[in-house]
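These protein sequences, in sequence, are chains A and B. Every letter in the first sequence is one number past the one before it in my numbering, and letter 16, counting from 1, is 16. Every letter in the second sequence is one number past the one before it in my numbering, and letter 187, counting from 1, is 187.
Errors might be hidden in some of the hints.
What the hints assert, rightly or not - Some, not all, of what chain B presents toward chain A, calculated at C-beta under 10 Å:
(1) S26
(2) L28
(3) T56
(4) R69
(5) R74
(6) A78
(7) D125
Calculated directly from the structure, the hints in this document are not laboratory data. Glycine residues also receive a C-beta, built at the ideal position from the N, C-alpha and C atoms.
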Amino acid sequence: MVLTVDFHSAGDVVRWSLTDDGVTRTVHEGYTPTLFVGDAARDLYGRRGGPTPTPPDRDGLSDSLTELQAFLTGQDAVANTGCESYRQTFRTAPRPLLRIDAASVDAVRQIAQRVQQFNRPAEYTCYNVDLTRQFRYCLETGTPASPDQSVRPLRTLSLSIPPHKSGPDALTHLTIDGDAAGQTPEAAVTAVDRAVRERDPDVIVVSTADLIPLLFDAADTHDVSGFELGREPGYTKLAGESTYTSYGQVGHSPARYTLPGRVVIDESNTFFYHEAGLPGCLDLVNRAGLPLEELGWASIGRVLTAMQIRAARDRDVLVPWQAWRPELFKPAATLDAADRGGTTFAPAVGVHENVHELDFASLYPNIIRTRNISPETVRCGCCDTDDVPGLGYSICDADGYLPTVLGPLIDARSRIKDQIEETTDDAERDRLESASAAIKWILVSCFGYQGFSNAKFGRIECHEAINAFARDILLDAKTALEAVGWQVLHGIVDSIWVTPAPDRDQRPLETVAAEISADTGIALEYESAFDWVAFCPMRNGDSGALTRYFGKRRVETTPSTGELGDAIKTRGIETRQRNTPPWVSTVQEDALRVFDATRSPDAVCDVLHRHLTALRRGDVATDDLIVANRVSKRADAYTQETLTVAALRRTQHHGSSLAPGQTVRYIVVNADGRGIDRVRLPFEDSESYDADWYEDAAIRAVESIVSCVGWDRTDIDQYLADTTETTLGSYNTQP
Amino acid sequence: MNTSQRQPRVELPELDAGLTLVDVGSDLGVTPVQSLLLDSIFAGDGDAYWVDAAGTAQTTRLRELAPDRRYLHRVHVARGFTAYQQTSLLDRLTGEHVTAPSVVVATGIDRLYRDTDVPATHAQDLLVRSIAALARVGRVHDVPVIVTRSRADEFTQPLVNAAQTHLRCEDTQFGPRFTDATGDVDTLVYHLGDGWVQTTLAYWQEVLTHRARMHDAPVVGEEATSGVV
């Protein structure tokens, strides 16, 4: 079991494992990572392609592969070549392929690129090329990817600088586990050096990976002798910074660094550490077999892929490098039915009393599991059955591999949820909640990932089949509920809101939910009872917005101040959006509280009036007015002069820059002004703000609330104009 | 059949077997190509095969255009989402699963090869390979192969060289017009005579209804169409 694995350029690998008082270091000499090359993609997916590929039979390597083998033999990047049989897809038998052992991890991609350029285009298919190095090592050597925490818990050290600081001077703001490190860069470096020696951490959490070269450079400049962050000298840059596009969203990945013998987690480049903390990450390392440092910066898709790769390997299936496998031809009529997405019943706009929400538990993962949906089972070609509702796709009788990946996660999560209910130990509960959060993200993403074009084992037909089942299940549930006296107010994907149908007797919800669960094989859970739920209209329209609503849970009491807690559930409105300034959220939450108590748009507008008066008086702290927006492109790539652009330019003006994917924060001081003077950055300690701009934002947030009783912007403006003093109602926040 | 109705002259270009490159004015979208596709199945017995790499294979418009919903069962669609998937699909067009088509359509043939994950030299090689695969489709099945590209530039010049026919479809004040660089083809689709021209959905629907009647292919009456969900 390893903590981390280091790769030396000479090809040696160093494994680090935990011991009672530190770590042991084991050298693995001459590790040669392996990739495979098969014949042309057309043999699998082209002319011979169909549900079950039928590549021509052969015993040893083909002529073309033999030619390639001769070309590669003797090259520096290549340690060895041979012929070995593996399966290239889930639907083909093992075939003799060219096995190439690379001289080092860095040589793998180099070899693959040479293969791609050799011979005619599309002549070869490559496998096991783009695996991350630590994951590859664990996979190929059968090394368990997680540290053995039964030996001792991991030791961590946290190094942090404020986000807007960069360069050597930033080190004067450095903190070690939250405590200031030193007044000068030299003092800071010395303090870090001491802390690392004393603590000998296994994991170093940095606020930005740039700290690593920064600290080494400063140690050089100030002659701090023997300065080290790792358990051996130096550090390694694994990847430069880059910008990418995924699902139409621009992301930014910062440079990645690693230290010998320790795990680096970069807080500016981690999803799972933020969502699930170290315990959740470690739990997932265990399940995914992706070592901690790589899991630290991995996306959800990468973790899911790691699990899929392990499951594929169990079945002797290799990991394709490029996504050659296309969808099968289908009639436009089928595509028309498949392309409809999830089912929704348009919500009835307005306020509804006595509402109950029911949710299907992990609907998509459970559909995959119970309906045996997997890239190799949907439209399998060997079964002539009509299994997918509305699409007529067959699903193979043989067990799919995807259910075997997701099944254990679904079970683990429900087991963890039970443990959370039972435990009385707070620390244990935290650990369990972390683990549950990490698994949840994998489960919620597995459906979307099936439709992602570059997913290693994704397949659009799986995506379509899952959607088709989901539609069918939701419609059946609606029919079943309506048959026993319930009126369905709204339904979306996996949730249904019902209220007793007038003049009818109702079968208890627990009973009908149990019946639906038994029929569908997926648990329909009773989520919550609401005293009332309001479904908002779409902006600029009267019909219901599918994902904008709020409601008061029965029993829970609304806190009289501060955040709403669990008392009022909100979706899609401003207080849920992360770019909403805190003050605007506060106005909306106060408005919700008063709406709950009074149901009166007048009283809600009185709350608004009170907040606007304070805003006009200059009584709102600028910290509460910070707008946080995700940067989608570089400042000079924007064609419109939005406030976000002004903030980006202002950030550049202050000597630092933000890359796409990062978040820019600013206060609006003069929206109608010009250039960078329209905004201030939080660290500029601005006292002033643009009251008109924030007033508009607050009014819009309140409009979201009162729109469900038919009020719009004009009504609010009119009411505010007429208001000279607030009514008593706005102070009476408790019913 | 309603014979009392005046039958205006409605033309679409006659397509020969082999590659026809169609450059469509950006304001017309994929509709003219979908119309050519449907027109080919009115005339022929075989089905249409459509490989899309441009994200244009959404069926809403096709459903609206088709004079009868049953035509949607005769159009077989597969979408390439990566350059590699598209390459596989174009090969598949000459495989055992594609039998006796009446027309083959490949939209946005160059688009995925422009993606950043494909190295530039490799991209050019793959594009040329794809053009060759499509030319082969035309020969093997002896049918028209309609190709569109996302951009007319140096990268797609090999396509211009390989195409037997290069049509442009532009919107004119008299309606959409197909022209050919050689001057052999100049088809004004449908001139209403009174100067009133529209290139909306309703226009193309009418064009295709007329074309279907010309070929005695089924057309659903107005009432039935509106009843289809």
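Results of checking the hints against the structure:
no.: 1; hint: S26; in the structure: violated, 19 Å
no.: 2; hint: L28; in the structure: violated, 20 Å
no.: 3; hint: T56; in the structure: violated, 12 Å
no.: 4; hint: R69; in the structure: holds, 7 Å
no.: 5; hint: R74; in the structure: holds, 8 Å
no.: 6; hint: A78; in the structure: holds, 5 Å
no.: 7; hint: D125; in the structure: holds, 4 Å
The structure is inconsistent with the numbered hints 1, 2, 3, although it conforms to all the rest.
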